[in-house]
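S.K.: Input sequences plus hints: build the corresponding full structure.
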Amino acid sequence: MTDVGAVVAERTFQVTRGDLVRYAGASGDFNPIHWSDRVANAVGLPGVLGHGMLTMALAGRLLTDWAGDPAAVVEFGVRFARPVVVPDDDGGVTVTASGTLSEVRGDGLVGIDVTVLVGDEKVLTQARAVVRAPTNAA
Amino acid sequence: MAIDPSAAGRVYPPQSYDVSREKIREFAEAVGDPSPVYRDVEAAKELGHPDVIAPPTFAMIPVLRGFDVLIDDLGVVYSQVIHANQRFLHRRPIRAGDRLTTTTTLDSIRSRSGSDLLGIRCEVADDSGEAVCTATATLLVRETGAGE
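If you read the sequences in order, they're chains Z and P.
Counting from 1, position 17 in the first sequence corresponds to residue 16 in numbering that gives the first Met the number 0; the numbering is continuous, with no gaps.
Counting from 1, position 67 in the second sequence corresponds to residue 66 in numbering that gives the first Met the number 0; the numbering is continuous, with no gaps.
Please note that a few of the clues may not be correct.
As the list claims (entries may be wrong) - Which residues of chain P face chain Z? A few of them, derived with a C-beta cut under 10 Å, are: (1) Tyr37; (2) Met59; (3) Arg91.
Since the hints were made in silico from the structure, they are not lab data.
Backbone N, C-alpha and C define an ideal beta-carbon position, used for all residues, glycine too.
M.R.: Given below as structure tokens:
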């Protein structure tokens, strides 16, 4: 039995401009602030931003890998607190995600608080999921 | 120009989206997820699913169809829009072969320092009418100045 407060999963992702192009095509989100420096600068942004939904999807991988079955993720919500600026270079930006067990419910569901950082800044806040716990974990 | 507050409460016509195995695979690759449950029907069946299933945030694809109608109705362009928050409540996973419809409601409009905050709710259902996912979001629409 995993204790409330325990970190259940943690991992690091690299996000490059190429990843944004790929996510734009796959998701259908072609907002130019995610691929054009010219448009991003014209609307007052510091540069091309990653899709908030891509950051959320990376955090989601943490949850689905931990649960073992993607169908176990019953609820998942986030606030996009800070933009993720993705530089036009080979390395891109490093995004670190971790999940902490916040609640064990009687119905087999658990609450997971997700922390997603770029550097030491939280880019997602109020990131919480309700997940059917894997049988070997909680 | 600010968004007309009387638009709050509008319900937009259902938008359809047919889910294919290839789109699920493409989406999984775009988020870097190698899990076989998104690609291999047998792997999905081992977990009790009738076909490959989609990652939890794949739901944004049918939901975006609903957003598009709302954004168009309000006369907004996406470069003005900031996605402030997003939440999904999944009744069941989305799977290949689903014929989904997304019904979008503009729940609320609030003004905040020259921008409008739109509270949006999308109900995603399958072709038997079964609820699949409820997605709620807040979009922040930034005002554009004259001539911008």
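S.K.: Which of the numbered hints are not met once you compare them with the structure shown?
M.R.: none
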